[in-house]
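Mind docking chains B, C and D with the ligands on chain A? Use the hints.
Residue numbers (our numbering), protein chains in the order written: chain A, 497 to 807; chain B, 23 to 343; chain C, 2 to 369; chain D, 508 to 1028.
Relax, there's no trap hidden among the hints.
Ranges of calculated distance between the beta carbons of each label pair, as one might list FRET restraints:
1. B:L155 <-> A:T527: 51 to 61 Å
2. C:L110 <-> D:E781: 56 to 66 Å
3. C:K42 <-> A:I787: 51 to 61 Å
Computed list of lysine-lysine pairs in DSS-like fashion (alpha-carbon distance at most 25 Å, straight line):
4. C:K4 <-> B:K341
5. D:K531 <-> C:K4
6. B:K341 <-> D:K565
7. C:K4 <-> D:K565
8. D:K565 <-> D:K577
9. D:K518 <-> B:K341
10. D:K531 <-> B:K341
11. A:K722 <-> A:K645
12. B:K272 <-> C:K136
13. A:K645 <-> A:K618
14. D:K1000 <-> D:K757
15. D:K727 <-> C:K4
16. D:K784 <-> D:K828
17. C:K136 <-> B:K328
18. D:K727 <-> B:K341
19. A:K532 <-> C:K42
20. D:K565 <-> D:K518
21. D:K518 <-> D:K577
Simulated from the structure, these hints should not be mistaken for lab results.
Where is the CB? At the ideal position from N, CA and C, for every residue including glycine.
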Amino acid sequence: DPALIYDLGGKFDKSFNEAAFNGATKWAEETGGSFKDIELQSEAQREQALRRFAEAGFNPVVTTGFSMSTPIASVAADYPDTKFVTIDGYVDPAEHPNVLSILFAEHEGSYLVGMLAAMASKSGTVSFVGGMDIPLIRKFACGYAQGVKAVNPDATVISNMTGTTPAAWNDPVKGSELTKAQISQGSDVVFAAAGGTGLGVLQTAADEGILSIGVDSNQNYLFPGKVLTSMLKRVDVATAEAMAAGADLETGVKALGLAEDGVGYALDDNNASLISDDMKAAVEDAKAKIIAGEISVHDYSSDDSCPAISF
Amino acid sequence: MDYLTLLQVLDSTVRLATPLLLACLAGLFSERAGIFDIGLEGKMLMAAFFSAAVASVTGSVWLGLLAGIASSMVLSGIHGLASITFRGNQLISGVAINFLAAGLTVLIAQHWFSQGGRTPSLMGGGRFTDITLPFADALSGVPILGPTYAELISGHSILVYVAFACVPLTWWMLYRTRFGLRLRAVGEAPEAVDTAGVSVIGLRYAAVAICGLLCGIAGAYLATGLQAGFVKDMTAGRGYIALAALIFAKWRPWYALSACLLFGLLQAVALRYQNIDLGGFIIPVQVMDALPYILTVVILAGFVGKAIPPRAGGEPYVKER
Amino acid sequence: MDKMPAWADAFLVPLISLILAALLSALVILAIGESPTEALKLMVEGALMRSAGWGYTLYYATNFIFTGLAVSVAFHARMFNIGGEGQATLGGLGVALVCLYLPWPHWSLALIGASLGAAAFGALWALIPAWLQAKRGSHIVITTIMFNFIAAALLNYVLVNLLKPAGAMDPASATFPDATHLPTFQQMFSTADNPLFRGAPANISFFLALIACVAVWLLIWRTRLGYEIRALGHSESAARYAGISPVRIIVIAMLISGGLSGLMAVNTTMGESERLLMNATEGAGFIGIAVALMGRNHPFGVLLAALLFGFLYQGGAELALWTSIPRELIVVIQALVILFTGALDNMVRMPLERLFLLLRRTPKGPAE
Amino acid sequence: MTDPVPAIELKGISKAFGPVQANKDISIRVMPGTIHGIIGENGAGKSTLMSILYGFYKADAGEVFISGKKTEIPDSQAAISAGIGMVFQHFKLVQNFTVLENVILGAEDGGLLRPSLAKARGTLKKLAEEYELSVDPDALVENLSVGHQQRVEILKALYRQADILILDEPTGVLTPAEADHLFRILDNLRAEGKTIILITHKLREIMEITDTVSVMRRGKMTATVKTSETSPEDLAELMVGRKVLLRVDKTPAKPGAKLLEVTDLHLWDENGVERLKGVSLDLRAGEVLGLAGVSGNGQSELLEVLGGYATATGSVRVNGKEIALSGRDCTGQARRAIGIGHVPEDRQHEGLILPYTAWENACFGYHRDPSYQSGILMNNAAIREDAKGKMERFDVRPPNPNLAARNFSGGNQQKIVLAREIERNPDILLIGQPTRGVDIGAIEFIHQQIIRLRDEGKAILLVSVELDEIFSLSDRIAVMFDGQIMGVRDAAKTDQRELGLMMAGITGDGTTDAAKAAQHG
Ligand SMILES: Nc1ncnc2c1ncn2[C@@H]1O[C@H](COP(=O)(O)OP(=O)(O)OP(=O)(O)O)[C@@H](O)[C@H]1O
Ligand SMILES: Nc1ncnc2c1ncn2[C@@H]1O[C@H](COP(=O)(O)OP(=O)(O)OP(=O)(O)O)[C@@H](O)[C@H]1O
Ligand SMILES: [Mg+2]
Ligand SMILES: [Mg+2]
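One chain only, chain A, in its complex shape (with noise of 0.2 Å):
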């Protein structure tokens, strides 16, 4: 059976980590199969997490979030015939042959997003709110700025990070008073990339009438008619199709883009409303480019630097 550990965040992020039980649980349905899973207490308990499952016999051992990829890089090798999967985190495969990662183009989807935020602002001042400042939150924000410009150069994008320790993924309160913060610059269109941090940040878009967009998962549910759109990162898939293949998971460094249905936007009955036919033509339009290789998003992470916002 496939194991899978989730990070500090918890289970029920709503976000990142739900996205992986999700996809495990999707799993567990359509194949009539079963997996193990824990939420991690402690740093100590990375590591004993990871070698008890793979003593236990689990196979592969899924985890989510960057901060796995340390442990699995010491564990890996006392269990070569234990697959480990770390969606995230990168682990070198030259040196651990048993190890997937899976990486996300998280930039692509957050221009997406972008766009259909600087389609729907009428202010035309949109904002981000990271969780922790980490290259990997800059990421999304620097994504959804370009995204942002392309649609309207002149727009504005303001930007936020709640904090600089895992505490920042689950502080709603800061997430809701930076919206405030943000609403009263002018922003109406807020995109939350802050795992539980999130759900502040939209609760707040909702009470005060403006527009927000989830991550990770599809948040649109949470408040109908309010969220525009959500940036999906197929942490869902990534983690079904890794349970599907079993212990004869194919390992070494997998990248997902929008090429690969890695990333998206999500577009359902929740926010029909909010996304008219030009919008989604125009992201569309810009999707399919940018997997044809027409248009370039400039990845933060590839030289800590962005060049439609600045940090």
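Below, chains B, C and D with the ligands alone, put in the same frame as chain A:
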């Protein structure tokens, strides 16, 4: 910074100061009666959870508030039992209560809602909505005063007004009523109260109960006013900041108001601005985060006037050894 | 005469308190629809029935020994050091700086260097509250709490702005050089055909902790300094009469206490993660309070209590691993243990005292 | 007269604090309109008995009758309603409240303070006039002198319309003049028909003012007698259970060289109040210099300065050599090193560490002595051995060095301290209140030890609030008042009256100006 931004910052100062103020006044009642309470954090957290949980199940924020208060008062009761009846160490009891709340809230939340220690998001009647005071819209056109009234004074949830009203109320109770006289006396010299024929235990339990009540409101405000639901550890150290504010305020109600507003302002500024650039000199956000604590240490060091706690504070009242 | 024999106070009271806490914990487990016996079985199996389980139990215990000793040394001078968390955090910084910026030929030298660094940084972080307490009478409980928060902010700043390698996501330092890696129990005790402690983080610093126990015991009960620390703790006025300087003793006791807390980082930062993490202490500073309380501030008691809490931690991790009981159950159990052994101990002691009085009276007739 | 109903009658009161039986089957009757004295050694259970009557403690057994009616007194509230007021040995006042607030506390007239305060102000004024009990109602209690604080306590009782007033050792903290004033008040109250119970250690006071007196020993009531039909000697015997010498036999002193010269000592406390205002005195080998005075007039501070744990300005010479009065070298350790022993006034808070064992206490202060060390560790075996010898020689009971100090009675605790200090053979011995809290039997022993030391040629500075003790031990007597030495007298050539006046700040020539007197002296 233009005036509107300033108003916004002050506006969020008010919101962020509210839970601090309620918790600070809660601590004030308790410590004035001689019961130290570092469990403000835990009580708030417990109340935050139960208010959100009950509000989400019943759809009534008022029932939620009651549940929050009740749960906080249960913890107060435990603290009272430990520190009044069984003359235990008040600090340890407080530490235990903080742990208990941190664990139980998530445990119960998970058991009830299976959402990883969260409550479902609160909708409609499950939350305290902002109240628009009379004429707020009409007056908003008036320069300076209008926006101040409409943005800063109007448009908060009822609990914010309750918290601010608690300040004069606390002052009046403490200094103008029999109960206040006895309460202050029991924190200074419980044996004087005892020999004057007043029950030390009764007074202290009353103080601890009021503390629970106010912490309950504070927690409910966090989960159903400031936020729409409970997430784990959502008090995020506010109980300790309230404690810091209490020392800052030298255990006096009006000073407590200013201290909490100050700390609220610090939080509001830290929230809004990451690193603050003072003409080339950058104050990192971590300094803003730590500032309330640093200020408290400075106060405690007596560099800004000495904070003398109630004399009998922290000591159980023991007649027979 | 005392109301109760010393052994009863030292063993019976904590034991009964512990049983009460356990019973209540069982009720909590029942209330969330799980079986307490099953849970206990899982915990025992996961923590004590495998060598790797022991490896974790002892790893956690090592932390708790250090913080427990720290609390108890301060407590002998009647100070309540709640700042273990912050002191250990700073201790971690000390370890990291020593390991990252000094070239070490061998782990044994690195261990000495890192221990000194950890103890020095931890002690330094205790110095200001100590000095404020001694000189200005600022309540050490409040100042150490404040210093916990300040330490977190400071480490946050240092990690994010100074130590974090470029491009890294985690607020963590770079991994320490190989020469500073401490031998783990696995390396020390495994043989080719009998692998023991596989993957467990327990490492040589456990023995450092044992040495610390003995050293603290000697310090408190066999040296002049310990004599003076205890004297001050029992009576400041008497200490002053005897020519013992309260300022000096308060500062020294807190330095030792802070140093012990700091030493915990050798285990977590150098022994386990081999890099400096944001939240490496994970509440061990607070657990130290419970450990010291349960251990009655005696190093031997601290050792036993630390083992118990190590078991709880590891057992709890196993629970979370194999059942749907959330990890917070352990937090609740901790809370109950602290509550019953620390704050509600009189609830047990008072009836016991009465019992002992009765026992004493009945055979001998009325006391004279 | 037919049998009148007693104002108070206690029947079979028993009370245990853990293993300590503080009161054992005590019965007592007090007639209305009388002053009833209670005497007894320290720890005899006097305070406990009165606290039971006042509802502060709950008796384990026994009954209380007030004016013939059986009354349950579960708490002080009940006692107050039964018309009982009590002035405790240790005042029960809220220091940072005003007098007025203290008086109304617990006796307010309603939920709001304002009317109560106004009413109390009026009542207080009336009471003050009636009983010569004036205090500023708006003063903070912490700023009042002890005498005035006591008045507040009495006013508290009267404000609650107490008919029965219990005073627990009220004169311990008063000057003779203040004590006289208090007794006048008590006389007035008795004349009004109030019933008063007075606890005191001073047989003189008993003889002077009470109508009847009860003696307590070890928790039991040993006798109740009419004051007019007894004598101090009889009472002392009843207290201890055997005949006691109230005076010590001693030969005249043979003073030698000046060992200690104190000149112009000044000391300010942490609140900036000057507690020593230019104290000068000297002390010779082979003499006992008694330092008399009401407590709180600087004697304690003087001892602390000489003992090395308070800093001061001025000059102190020991054997002609100047010693440090502040800084690094001003410590108890340094003083001990130059041969100054010190039996502190408060053995429980200074002289001993109560939870420490007797052997640990027997080296307290000398614990850095090389003979107690082995390497970097302390040589506990040697210390224990040493302690055992000391305890035997000083007849400490039980002579078990492993027992915690708190488990010894007060007298034996004092013996441990004395043994420790005397056996060190100091040149100068500072002794504060050597027999406070010690039974009369042990007092004899302690006094003999002090005289023996004097006869060996040591210099002894004795501080005591008991004039009797000062008289029986001292060769010369210095009196302190308000931080100054009022004068030094030859013990043989002065009397209680003269010293009493000096203790109140009045010198022989009639001046009340202390500063002026200091210049003379
Ligand atoms: N609080 C207490 N706890 C335990 N035992 C006590 C306590 N107080 C007194 N005792 C015991 O009672 C016995 C008599 O002590 P007691 O206090 O009556 O002596 P004392 O001579 O009156 O001294 P003091 O006046 O200083 O109290 C002692 O042997 C002591 O063991
Ligand atoms: N609160 C208490 N807890 C425990 N023991 C007590 C308490 N109060 C008094 N005792 C003990 O009870 C005994 C009687 O004490 P009590 O204070 O009544 O004596 P006393 O006659 O008033 O002595 P003193 O002359 O010193 O005032 C003593 O052994 C004392 O140690
Ligand atoms: Mg006594
Ligand atoms: Mg008494």
